[in-house]
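Spelled out from the first residue to the last, the chains are:
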Amino acid sequence: MLSDKNYKLLNGNQAISQAAFDAGVSFFSHYPGSPVNNIEPELRKINTENNGNIFFNDAHNEHIATLSCLGASFSKARSLVVMKHVGMNIAADPLSYAGYAGVKGGMVIIVGTDPGANSSTGEQDVHWYAKSFNLPLFEPVSVQEAYDMTIDAFDLSEKYEVPVLIFLPVAYSYSIEPVVLRGKIDIECTFYFEKDRNRYINVGERAVENHKKALEKLDLIAKEQNYTKTFFNPKASLGIVTRGLTFNHVYEYIHEFKLEDKVQLINFGLVFPIHKQVFLDFIKNKEKIIFIEDQDGFLEIIAKQEFFNHFNCKIHGKSIFPAYGAISKDQVKSFISKEFDLPGVIDTINAPGILERLGTFCEGCPHRSFYHVIFEGLKGYDGIVGGDIGCSSLPPFKADWLLCMNAGLGVSQGIASVNKSQVVISTGGDGSFFHGGMMSLQSAVENNIDLIHFVFDNKYVAMTGHQYSPSSGTKFDESAFLESIGVTRYYVLDVTEIQKAIYLLKHEIKRKGVRVFWMKGDCALMPNPEREMKKKNMYLDLQNYLCDGCSICYDDFACPAINKNENDKLNIDSELCVRCGACRIVCPNDAIKIVEK
Amino acid sequence: MIKNVLIAGVGGQGVNALSIVIQNACLNEGLYCKSSIFKGGAQKRGAIYSFIRIFENKNDTVINFSGEIGGGELDVMISLEYIESLRYIKYYNRNTELLINQNEVAFFSKRYNTELREINPVEILNANYNNVRIEDFSMQSKDFFGKEKMLNFVMGFEAVKTGLLPIGKETFIDEFLKKNIVTENIKIKMKEYVDEGNK
Chain V
1112 MLSDKNYKLL NGNQAISQAA FDAGVSFFSH YPGSPVNNIE PELRKINTEN NGNIFFNDAH
1172 NEHIATLSCL GASFSKARSL VVMKHVGMNI AADPLSYAGY AGVKGGMVII VGTDPGANSS
1232 TGEQDVHWYA KSFNLPLFEP VSVQEAYDMT IDAFDLSEKY EVPVLIFLPV AYSYSIEPVV
1292 LRGKIDIECT FYFEKDRNRY INVGERAVEN HKKALEKLDL IAKEQNYTKT FFNPKASLGI
1352 VTRGLTFNHV YEYIHEFKLE DKVQLINFGL VFPIHKQVFL DFIKNKEKII FIEDQDGFLE
1412 IIAKQEFFNH FNCKIHGKSI FPAYGAISKD QVKSFISKEF DLPGVIDTIN APGILERLGT
1472 FCEGCPHRSF YHVIFEGLKG YDGIVGGDIG CSSLPPFKAD WLLCMNAGLG VSQGIASVNK
1532 SQVVISTGGD GSFFHGGMMS LQSAVENNID LIHFVFDNKY VAMTGHQYSP SSGTKFDESA
1592 FLESIGVTRY YVLDVTEIQK AIYLLKHEIK RKGVRVFWMK GDCALMPNPE REMKKKNMYL
1652 DLQNYLCDGC SICYDDFACP AINKNENDKL NIDSELCVRC GACRIVCPND AIKIVEK
Chain S
141 MIKNVLIAGV GGQGVNALSI VIQNACLNEG LYCKSSIFKG GAQKRGAIYS FIRIFENKND
201 TVINFSGEIG GGELDVMISL EYIESLRYIK YYNRNTELLI NQNEVAFFSK RYNTELREIN
261 PVEILNANYN NVRIEDFSMQ SKDFFGKEKM LNFVMGFEAV KTGLLPIGKE TFIDEFLKKN
321 IVTENIKIKM KEYVDEGNK
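Protein sequences, first through last, are from chains V and S. For the first sequence, the residue numbers in our numbering are 1112 to 1708. For the second sequence, the residue numbers in our numbering are 141 to 339.
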């Protein structure tokens, strides 16, 4: 029986939100990104339900989010900042000073990591930042630990006056477990910024002095904070070292294969800095040590570096396990079974190759026509199209490159400057435009670069759960903004004005300078009473006798509501169709008819 | 006792909701349970699956176990989509209980569908596994509830009714109603569906 009655069924995102609230966080900032995109809405919900007074700062990017949390924690408030792994690259500048300056109120930095690139365009190993920035790093091995470590991280941050990192991989972000809660801590504090220029102005000698202090803090943490857990036989000659997800795989198979007498397992919850004495005790009688961890082998390399003259045994890690992808349970089982001559992973039949279900726009997304507009406009030209992160990247392999936030507009500037033989068009949503695209655009104007940029404005940072974008509100005026930075050729269009957009694009391709198409259309996943009414009163019928199979609606638009039957005839699923009518606009044969109910 | 369950489908079919309903129902029955949902990068209609690991009780050992299911270690597969049932074959063993919806959700291009038509899940599954049940549960959902959106309830209830999941029918329905907002009409229909299933 589950004996803990004070539990809540939570996923990793929810556990961290609950922990932040329970720990008395006063200031929150973030830039949304999977797999930690649900922390913000969950924390808002908890705050509202409990009449909390957390200040939410929806930052335009991770750099701003980090700086604002530093400010709050300089003023003694507990602050939480959330970003995905690649967001750390954007936040790297402020984070590199965070360890020097330190904080007064606890500051916790949650980073969603993605070994295996499940929900990202890369699987960068960001563990190295912890060492580079001199910041302690926690890595939980369960949702319960994600909750507990978040609360502990605030205490640790305040005790040593240093921001603390917590890495949450995809697997724990979306894992659901019953979590035992500690209850809310009441913190009484007067928020006040105490002047201390030696600490907050890191120039010259002060920077060196503060760097020294940061390293001393880490040494102290390594002595005083023990978040290691050791299991099984301390006298065993084989030692296995884990962090994060691989711990659970290793633990389970040691138990399943009844190898408890033959192995000692150590897991590092505080991954950086390593607790020195515990690790030295662990390696003392070992003949062989295996590091089993995802990605680059951070623990293995750090341990070898710090304890190189203490090892009297064989050490393996990345010589056995790959440095790419997530280490699967099967990889761990194969290793253990080989090591102890046991039966390995059960042989299964050769599965037929099932193709990946690639992305598409949601049914009713008003922006689904945009590649049609661009490709129609480019007909007769040698054109190239830059893609960007977010919903606009969903139709697979339509753009010619897709790297990182703002790469559409950024990369196109270099191409357009040196290459006059091709028409360069860049694309991106409103989220990535405000993240850094607006500065990029201004830079293009100042440098007289010939490019065309499309902003697909759906009013939200939609892909990660409809977080706030400046275009969600009424303060931002795109025309005034574009004019103020010197864009003279721009069009603000409703995204359903497909034919007009094609006509204007053909016209603008012949012009020079920075040209902007600001395409507006609300995200289809947000409530839309007009469409609900349409759904009640009419439906769209695709009349096969008029259809010549041009397939624009099916292949180019890839609308989930349009299906093809066994005889290659198209039909519209009325349950899925939201009556946006985009397919009707582009159908060259007028084969899609409105039928009143 | 450990039971490893995999629920598969495509985005929008209710895989996540069904997974949470089953996990809550298990906890209410006094079992310990871990689940993980894998959504991938596609916003809509992407492959989605969930692991559920059910343990007899919570203790210091099982809380450290992985949330992932190993190759060939699956006990129960509930596939809300036909082709998706083949994506996870590496987890099956000869005695895995397979409950498969025969309805197919189209991929997004002509090319994919052409290639997929050469694959016959019934043939592959029946030839290799002992406990295969393939039916058009989408049609059952449409016929009974008037819409396909109740597919996750229909298949979840079927798994409970036939003993594939160690939870009671009432517990499952209670948890389904807590997780999903349904109309009074659907509630009545659900009761009729359960009554019919009990016959």
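In case anyone wonders, no lab produced these hints; they're calculated from the structure. Note that the Cβ used here is the ideal one computed from N, Cα and C, for glycine as well. Hints may contain errors.
[Said to hold, decoys possible] Just the calculated beta-carbon pair ranges, DEER-fashion: (1) V:Gly1294 x S:Asn199: 20 to 30 Å; (2) S:Ala157 x V:Ile1312: 29 to 39 Å; (3) V:Phe1418 x S:Arg273: 26 to 36 Å; (4) V:Asp1684 x S:Asn235: 35 to 45 Å; (5) V:Asp1493 x S:Asn260: 37 to 47 Å; (6) S:Ala157 x V:Ser1662: 27 to 37 Å; (7) S:Ala157 x V:Asp1684: 18 to 28 Å; (8) V:Asn1162 x S:Ile259: 52 to 62 Å; (9) S:Glu332 x V:Gly1660: 35 to 45 Å.
[Unchecked claim] Computed from the model, here is a short list of chain S residues facing chain V with C-beta under 7 Å: (10) Gly210; (11) Arg273; (12) Ile274.
Status of the hints after comparison with the structure:
1. Checked against the hint of 20 to 30 Å, the C-beta distance between Gly1294 of chain V and Asn199 of chain S comes to roughly 24 Å, which is consistent with it.
2. Between Ala157 of chain S and Ile1312 of chain V, the C-beta spacing of about 53 Å breaks the proposed range 29 to 39 Å.
3. For the pair Phe1418 of chain V and Arg273 of chain S, the beta carbons lie near 56 Å from each other, so the given range of 26 to 36 Å is not met.
4. As the Cβ distance of Asp1684 of chain V to Asn235 of chain S is approximately 37 Å, the hint placing it in 35 to 45 Å holds.
5. Distance hint for Asp1493 of chain V and Asn260 of chain S: a CB-CB separation of about 44 Å, consistent with the stated range 37 to 47 Å.
6. With their beta carbons about 34 Å apart, Ala157 of chain S and Ser1662 of chain V fall inside the hinted range of 27 to 37 Å.
7. For the pair Ala157 of chain S and Asp1684 of chain V, the beta carbons lie near 20 Å from each other, so the given range of 18 to 28 Å is met.
8. Taken as a hint, the range 52 to 62 Å holds for the pair Asn1162 of chain V and Ile259 of chain S, whose Cβ atoms sit roughly 55 Å apart.
9. Taking 35 to 45 Å as the suggested C-beta distance range, the pair Glu332 of chain S and Gly1660 of chain V conforms, at roughly 43 Å.
10. Below 7 Å, beta-carbon pairs count as interface contacts, and Gly210 of chain S has one with chain V at about 5 Å; its hint therefore holds.
11. For Arg273 of chain S, the suggested interface contact is broken, since its CB lies about 19 Å from the closest CB of chain V, more than 7 Å.
12. About 16 Å separates the beta-carbon of Ile274 of chain S from the nearest beta-carbon of chain V, more than 7 Å, and the hint is not met.
Figure legend: structure checked against the earlier numbered hints; hints not met, in rising order: 2, 3, 11 and 12.
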